[in-house]
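Going down the list, the sequences are from chains A and B.
Just so you know, we're using the UniProt record's numbering here: the first sequence kicks off at 1 and counts up by one.
Just so you know, we're using the UniProt record's numbering here: the second sequence kicks off at 1 and counts up by one.
Hints may be right or wrong, so weigh each one.
Claimed, not checked - Chain B regions said to be covered by chain A (calculated; three or more residues, Cβ under 8 Å):
| # | stretch |
| --- | --- |
| 1 | 286-299 |
| 2 | 543-549 |
| 3 | 560-567 |
| 4 | 625-633 |
| 5 | 647-658 |
Claimed, not checked - DEER-style ranges, computed between Cβ atoms:
| # | chain 1 | residue 1 | chain 2 | residue 2 | range |
| --- | --- | --- | --- | --- | --- |
| 6 | A | Pro179 | B | Gly517 | 50 to 58 Å |
| 7 | A | Arg437 | B | Lys550 | 50 to 58 Å |
| 8 | A | Pro179 | B | Arg332 | 44 to 52 Å |
| 9 | B | Gly315 | A | Ala216 | 52 to 60 Å |
| 10 | A | Ala235 | B | Glu548 | 15 to 23 Å |
| 11 | A | Ala235 | B | Glu310 | 28 to 36 Å |
| 12 | B | Gln228 | A | Arg344 | 39 to 47 Å |
Unchecked claim - Quick partial rundown of chain B residues pointing at chain A, CB under 7 Å, derived from the structure:
| # | residue |
| --- | --- |
| 13 | Glu2 |
| 14 | Thr94 |
| 15 | Pro602 |
Since the hints were derived computationally from the structure, they do not count as laboratory data.
From the three backbone atoms N, C-alpha and C, an ideal C-beta is built for every residue, glycine too.
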Amino acid sequence: MKRKHTALSSPRTPSKRTPRAPPPKDPTSPSVTSTTSADETSEADVNVDVDSPSKPRSARGGAGRTVEFATPTKTPSRGLVVTGAERSARRRSAARLIEREENESGSGSEGEELAREIWGEGGSEEEEGEEEEEREEGDDVVEKDNEAPAVPPTPSKRPRGRPRKTRARTPTPPRDLPPHELYFLQTRPGASATSNNTLPSTSLLTADETFALSEAYTDPHEKQIAFLHDLHEAAFPQWDWELRNGFNIALFGYGSMRAVLEGYAAHVWEGEGGAKIVVVNAYVPGTALRDVLAALAGALFPRSAKLPLHPNALHTLLLDTLTESPPARPVYLLINSLDAPGLRRGSAQAVLASLAASPHVRVVASLDHPSAALLWDARVRALWRFVAHDATTFVGYEGVEVDARTEVAALLGRGGRGVAGRDGVGFVLKSLPGNARSLFRILVAEQVAGLDDGGEGEEGVEYRVAYHRAREELVCSTEHQFRTLLKEFYDHVMVESRRDAGGAERLVVPFRREELEGLLEDLVEG
Amino acid sequence: MEHQKTYLYAPDSSRPTKRGRTEAPEWELQSSWKMREETCHRLWSEQQKRIQKVLDDANSDTLSDILDFLEKVEHQRQRSKIPCGFILAGSSVTTQTSFFNQLSEKVLASGKNSFASISSGEAPNLKGFLKLLIRRAIAKKDAFDGDDETITTKGRRLLDYDLGVLHEWVKEKEIQEVVVTFQDGEAFDASLLADVLELTHLWSNRIPFVVLIGLATSVENLHRRLPQSIVRVLQGRQFDIVQAEVLLERLYCCSMIDSEPSLCIGPRLGTAILERIRLHTQNPQDFVDELQYAYMTHFFSNGLSVFLSEDLEWGDWAREHVEALRNLPSFRRFAEEKVKYPPSHFSVRQLLDRDDLLFNWARDTVAKSHKTMHLMAEAAKVVHACRSLVGKSNLLLSDLFMEALSGQLHDASHVRELFLTIKRAPSDQLSRLISTLLPLVPDEASTLEQIQEKLDALEAENDSGHPLKSEHDVQNQTLRATVVARRVELSKLKASLSKADAEYTDILLQFHEWLEGYLSDLLIDPEDVLLSEITIYDRKAPHKLAFEPKPRHAIERALFAPHDYLNCDCCPVGTGPDSEGTLSFTQPPTSILYQLHLESGPLINVSDLFSAFRAIMDEEAEEKQILYLFQRALAELKYLGMVKSTRKKTDHIAKVSWRGL
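Starting from the given sequences, assemble the full structure and let the hints guide the process.
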């Protein structure tokens, strides 16, 4: 009877379309009605015990999604006599409530709470009962068929319920919890029992597929997104006014603000033809402070000017120029994703803020991360002199700010960070000499062998071992050569170097097992 | 373009420019924008000058103290001691910064000193500190070009963190003092501080070092952090600079009360600004920013603010404005009030019919309204002065003024209490009160002087050596308990008052009456002031959005209830920020995934997450399509910092943030 469920660790699982219908309206609760139906009616007429032993069985059999309160937990001994079949959860709830009233036992069980809820819900379900019964029974048949294989090999199309736990639990998670209570509910010990399901390694899209799909995809909310964009554009005169008064502007909200900033650049260009507008795309990997400074210097100085190379010196030069011989017209500095990793360091922010404090530099910056404001301490914040505007756009980050495929791969620990997965490794190896290919094959083979032996924790292959194997196979003759070959792998993060418990260096190919095996196949064949 | 790190914007000719849209929206009152902009600029720069003066003067005493100290140190320099000044700057980092900037200017002004100010963030270790110290002290820009690690002085090549460089330079320029300033003494690593001080001590026989340390807490605290050997060589003195809160109060008073401000910040906004700075940022500069923003918003959003301009002339632009004037609530109230009394019918009709008359009337009324506000400020000052003279100074002038602006000061309990106290005041206190109030209330001077004269005459006759007492003074009353028929009877007995006391009581009552009348005349509800819509700005919302943004809340709301932003027909309406979300396959995929991830605990199985996601998505959509959207949404969640990867379990991700926390 044990079923494997495809569910999050969440207490409730969304069902089709109306996944969050309140519990009483959920298909599961009418099913309670159905469990006590038809064949049981006659029995119930005679046997007047509320919880006849046949009931729980049918309840459990009824698709494994019935709510547990029908199970006899403490009531059997009480033997309350109820005449007539209780055909609905509602009627039974009433009985339970009355029973409690009479017994005055005080300790309200969870079942009682639910009973109250159902009772309070009103009688609409009684009318529906008849129709539901038929439908549910049909479902039951299907589900019993489904259950025949004890554990479905693939996650079923429709997720149902969460794994049944033996311990007592609340039938529905409490609703409308304040955020902190929800946090404690979700992080309470033992709450995070997640299933062991894994995504098949083939299930992630390849680069080509992603590209094709992203080309084909159109956002169904295009009209609304355009409207939001227009809304922000309507605020441009206000931005002008704020910038003219020496404030800088910070934009926040969900969605890429690239288009808004570009629109603003066009607006400024039109307003004061030929203004110097420096656009920084900080989200581009590798963008650093020196790029921003160089771009700003490019706008301030003639092309022929000789500029210092060191960022510190350049910064000083820029500050001096801005105070001593400021440009005739202010320079606009539009920064996409000011909170991008490249500019996240405190010193970078301080340098940028000191430039932004000049009345001749006008900054409009977008902030993507919800906690971006934590980048600034009081001093830097005072320098920025930011006025914030909500610029929610709902434009996806995908493609420009975020490379979804690699991000997801990295999130799941698949594929190296440097090269994009298995394809990437193949690509790198193609451009390397045969020796390097052989070395990589050795490393992968050793690592797979190590995994086969079940070497837990000791991932990868020891440096010495790898070197000797490489010499045996005549891949290299000296350690220097060996190091040179490895260097290329390090650069592309195809190999990582770690220290094991004994302090020995281990070389690790940062891929999962399936991928390693796939790689090995490719290497041996290639 | 979007994949380039940086570029200089140039319009793309291939893309059509949306010309129509970028122009300012045609607004009826837009015609006066130029004038409003000029007015705003003019009024703000006046205000700014006043504020700047307060800021400059704030620490002038401390500054001159420190300069004095630096001068004396030069002559009293003891061998083997480092002269050291502890500057107690309080918790406000930004006050410190502006103070040290001022100090640096003053110190360098003589041309014989050198000044190096270093904050903890800039110098993580000794080497970095020394490099910075030398660079700042020498203040030569081109001497250090980046990567060059050495400096050549007199044929010797020295490393750029060698204090020898500084020594050579000091000898060459005949520098009298090298002032080294630790801006935030507590934030420095204790061992770094000790190392630097030890080094300065070792070099102090060659380089004339003076050390200044900015402290937020106390000297004792610093003392505890330094080793004894270092403490022994310090020769210290303590300076206090004005605390942020005091400075904030001064700024408020100078900008709102002392001068005749053309734009008044209303009580709600004023309280919000002051509270935010007092409780959160502790930065007086923020007050200046927010004040400026209030000016900007008022002139930007309120077309009628043009009437605050001084040299206003009737012109074509004014027609719509005059029409808008007629719709102001305060004008309507005024007109309705007037219509009730037949004699004034005519004037109201004229205001309604003739634009030019109304225009002139509005100009005069705005001027009058300014006067009213000014008098109200005066009244607040009077109350404050009285309170501090009778020994109650727990309320700040800014609080009192804000109370006055909300029309509550006159009936406030503390004012009633004040009146009771004044009724009991002895004569010396009264004369002090009058002399304090005289300069504050120029318009009422004659009345006060009369009272003063009478009082002086009476006091001249009084040769008892004690001040005269008021009849209402409790000390003059004694309680007598008598037992009459087994009952205790309490009876108040007034001590016999001398004739002079009785006369004094008359004078005191006169003063009391005057003060009462004066305050009730001036402390009216500003909402009743005509055209207060023009002279008072009191909207909290724009400030809250601009200065206290909630980016996280905005993003969470956008993802949790996308309908709030998109307002589309397809997605279900979110029922509020705190209620349950509603899932629908029409919502943006990131939003769906976000809501799903909210339901789970700290670890999330991606495979199951995908099944749940797929269950919600459109049935007709292809598997690959769904997978694509899923990937995209997951990557976006990671980008927004909602989830991160974990090694605890295969194909699991860790939840990083909880909604609303």
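Numbered hints the structure breaks, given as an ascending list: Going through the list in order, the structure violates no hint and respects every one.
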